[in-house]
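Put together the whole structure using the sequences plus the hints.
2 protein chains.
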Amino acid sequence: MNRKIYSPLLTIITFTILFSMGIKLQAQQLPPDKIQNYNEIAVKIVRSALLDKKGYEWLKELCSIGPRLSGSENSAKAIEWAKNKMKECGFDSVWLQPVMVPKWVRGKIEKAYISKSKKLNGKKLTIVSYGGSVSTSISGITAEIIEVKSLEEAKKLGDKAKGKIVFYNRPFNNGLLNTFEGYGKTVDQRVNGAIEAAKVGAAAVIVRSVQANYDNVPHTGVMNYEDGVKQIPSAALSVIDADFLSKAIKNEPDLKITIKMDCKTFPDVQSYNVIGQLTGNEKPNEVIVVGGHFDSWDKGCGAHDDGAPCLQTMEALDLLKRLNIKPKRTIRCVLFINEENGLHGGIEYGKYSSVSSEINLAGIESDRGAFTPRGFSATTDSLSLMKMQSWLSVLNKADIEWIRKGGSGGDVGQIKNAKALFGYVPDDQRYMDLHHSDNDVYTAVHPREMELGSAAIAIMSYLLSEEGL
Amino acid sequence: MNRKIYSPLLTIITFTILFSMGIKLQAQQLPPDKIQNYNEIAVKIVRSALLDKKGYEWLKELCSIGPRLSGSENSAKAIEWAKNKMKECGFDSVWLQPVMVPKWVRGKIEKAYISKSKKLNGKKLTIVSYGGSVSTSISGITAEIIEVKSLEEAKKLGDKAKGKIVFYNRPFNNGLLNTFEGYGKTVDQRVNGAIEAAKVGAAAVIVRSVQANYDNVPHTGVMNYEDGVKQIPSAALSVIDADFLSKAIKNEPDLKITIKMDCKTFPDVQSYNVIGQLTGNEKPNEVIVVGGHFDSWDKGCGAHDDGAPCLQTMEALDLLKRLNIKPKRTIRCVLFINEENGLHGGIEYGKYSSVSSEINLAGIESDRGAFTPRGFSATTDSLSLMKMQSWLSVLNKADIEWIRKGGSGGDVGQIKNAKALFGYVPDDQRYMDLHHSDNDVYTAVHPREMELGSAAIAIMSYLLSEEGL
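Chains A and B, in that order, give the protein sequences.
Residue numbering for the first sequence follows this note's numbering, beginning at 39 and increasing consecutively.
Residue numbering for the second sequence follows this note's numbering, beginning at 39 and increasing consecutively.
Hints may contain errors.
Identical copies carry no separate label here, and so any pair may be met within one copy or between two of them.
Below, in silico cross-link-like pairs of lysine to any residue (SDA-like), each with a Cα-Cα straight-line distance of 20 angstroms or less [stated by the list, open to error]:
(1) Lys82 - Asn211
(2) Lys161 - Asn122
(3) Lys187 - Leu89
(4) Lys123 - Gly201
(5) Lys443 - Asn262
(6) Lys443 - Ser431
(7) Lys123 - Thr317
(8) Lys443 - Leu430
(9) Lys302 - Tyr263
(10) Lys92 - Gly213
(11) Lys149 - Ala286
(12) Lys161 - Gly239
(13) Lys91 - Asn211
(14) Lys359 - Gly213
Hint data in this document are derived by calculation from the structure and do not stem from the laboratory.
Here it is in C-alpha cells:
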C-alpha cells in the first residue's frame, strides 16, 4: 500500500474511532429494557410519595415536638421519635450512634430598645441572639451605635468603636439567582462580626438579619469567637428594624440603645445520630448513605432546615420498602445531629466510615429545604458523573433535570473515600425567607414539593444500589 | 491511486464528514464573544428584575382593583390601568384592540345546604357556581343526590337520575408529577358534567372541586352546554364537603339538598386587548409577541391566573427599556382579554395577525402561574428548536433549564404562520391549589419567583429579536 495514502488513511481511521469513542462516552446509556424497568419503578415511587404523603404526615408529628437544637430536651425527644418511626417502618437495622454535642441555651431574656433619644425612647427593636453568643449583664449593655457595612469597615474603626455597639448593616444580596450565593455574600457579618468588633473594643454587636425577604422576623445562626479575643454579645436585628435604626442614628448620632440577653453555653452533653438501613441483598457491604441534619435552630420548628429534608431521606428508604423493592446494595439513612453548631454528628459518622470494613459507595445529603426538585450536585470523578447522567431520564420522573459537579454537604462530606458524594438540590427561591427563623414552620412546607424530594432521593439511591459506580 | 484503497477511503471520509455535520447540528453554538455578551445582558436583566421587583409592585396595584372577569367593571378598570402603565413605561406604541366578550355575572345568591335528613338538616355545603351556568329558581332546587365518578357513569344512569342532583365526585389525580396533567384527567366532570346529567333528566349538577389540595375553598371554571340539551345549574362543591356529602348519602340515600344560585348571562359587551411594544430598530416588521390573558375568574384576584404572568410579559419589555437595550426586531406585549370563557381576545388578535403585513416571528404565552422558571415548551420546527437550545446557557441565568417541543397556549396559539410559539413553563406544584379560587391572591405570589419569570421572558424575547429564527 502506498505509504502516502496509508498515512492520512490511518489518521482518518484513528480520528473516526476516537470520535466514535467520544460520542459513546457522552451518550453512555443503559439498555432500553433496563431503562423501561427503572422508569416503571420511578413512576411507582413518585405516585406512592405523592398519594400517601407519609413523609409530610411525619413532618406534622416532628414539628409538634418543637425545634431541635443540639443538646436540648426536644432534640432528645425527636431522636427517640425517629428511632421508633424507623422501627415501625420495618427497616432491617435501626440504631443510635453516640455523639457528644454542645449545649447552648437562648434563655428567657432577649430584648433591645432605644434608651437615649429625643423622641424614640422605649421603641422596641426585634432581635434574636446568635447561637453561641455570651449574655449581657443583667442590667444589659447601653451604648451608642456605630454602623458599618463590612468586616473590613469594622476593622478600620479603631478607637471610635470603644464601648459602642457595632451595627453590621450590609443587606442580603438579592440580585443573584441563587439565594445560597446571596447568603454567602452576607453571612460573614454574622459569623465573624463579633470577633472584629471586639478587636476594636466594641461592647456588643447587632447584625442586620441575614435573609432574602423583608419582614420583622430576625434569623438566628451560628457565630464564632476567637481565642484571645474578648467574647462580646451578638444578635440579629430584624431587617425592618435595621432600616429604622439606620435612619434614626443618621438623625441622632448620639442615640443609645440597650440590649439584654441571658443566653448561655453549658458543658457538652450526650446525643446521637439516628441510623436505619435497608440491607443490600447482593452486596450488603457496599453502602449508600442518605441523610440530613436532625438538629435545628431553636426558632420556628426547623421544618425546611432540616426537618423535612431529613424525613425525605427516611421516606426514601420507606418508599422502597412499602413498594417491596429490595436493593442490591445497602441504603442507609443517617440523621446527623449537630450540623448547625458543631458538625459533631457528621464528624462522628465520618470516623466510623474510616474504620469500618464497609465500602462507602455514596452519600446523598438533603439540606437545602424541601422545595420542588431541580438536580443533584455531585463530588465525583468524570466517568461516574457521565454514568449517572445517563440515568437522567429516570430521575426526571421526579422532576430532576440535572446532575452537575459541585459540593455535597457538611455531614456526608465527612464520609471517607466515598466514590460519590451528592447534595440534593431543590428550588431555593423561598429558602432564605425562612431558615433559622420563626417562619420555618410546618405550614411553610408544601406536601407535593416535599414528597417529590423523597421520591427523587429514593430513585437516586435505588439506581446507585442497582448499578453501582 | 489504487481503486481498492480509494473506495474505503472515500467511505471513511464521507462517514467522517457526515458525522461531523451531525455533531454540528447537535451542538450548534453562538460564537463565544456573542455568548459572553448575551450572558452579561442576561445577568443584568435578572439582577434588575430581582432588585427592582417592579412587576411584583404592579401586581399589588392590579390586585387592589379586584378580580377581572370578562365584561365586568373591574376588567374595564384593569384595562385602563394597564394601558396607562404601558404608557408610563415609555413603550414605543400603546393601543387597545377592540374585542366583544361574553358577560356572565355570579349574582348574590350562591348557597347549598342539606334540607332533608334525619340529623343533618341545615348543614351548609360550600359551593361556587361554574362560569356560564344558569341560575336556579328563587326557591332553589331541592332533590336527592346521585353520586358518580365519571361522565360515562352519568350517561348510564338512565331514569334513576330523573329530577335528581348528579354529584360528580372523581378526585383530582394527585399521583402524577405534573399538576396540569392531573387537572386534565379530572376537569371533564366540570366542563361537560351538566350536559350528560341533563341528557338523563337531572335537575342540577354539583362537581367535586377540581384542585390538588384539600381545603374548603371550591374552584370555579368554565362549563359547557350543548344545543338542544336542557341547561341545568352547575356548581363546584368544596373537596372537604364532597367527602362529607359522599359519606352522608351512603348512610342516608334519600337525603336531599337544596341549591340556590342567581347567576346570569347578559348580552356580549365591548372590551379590549391591551397592546404595547418596543419597536425593532433594524427589522420592525418582524414581531415577537409576549403575553398572557388579562381576564381572570371572579374569585380571589387572579394573581397567578393570570395577573402575575401577564405582568411578567409587560415587565419583560420594561426590563429591556430600563436597561436601555434596543431590540432589532419588534417585541410586543399583548394582554389578551377573555381566555377563561371564550378566547375572544386571542381569536381577535389571531385575525389581525393573519391580515397584517407583519411577519409573525414568535409568540410566547405566560399562563401557568408565576412560580420559579423551569423551561419553555415550543411549537416549532426541529432546526429552530436546536438553534434555540444553543441559547440555553444564556437562559439558564434566569433558571431556564430546557426548551422542549410542546404546546404554547390558547391565546398565542391563534397567531397565524408564526415560526415558533412558546409556552413559558414555571414550576407547577402549587398552581392547582390556587387557580380559579379565593386562594389565588397577591400573597400567594412570591416576589423572586415571579421576577425570575419576567427575566426569563425578557431574555428569551431579546434573543429571538437579535438572532431571529
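message: Output the indices of the hints that this structure fails to meet, ascending.
response: Violated: hints 2, 4, 5, 12.
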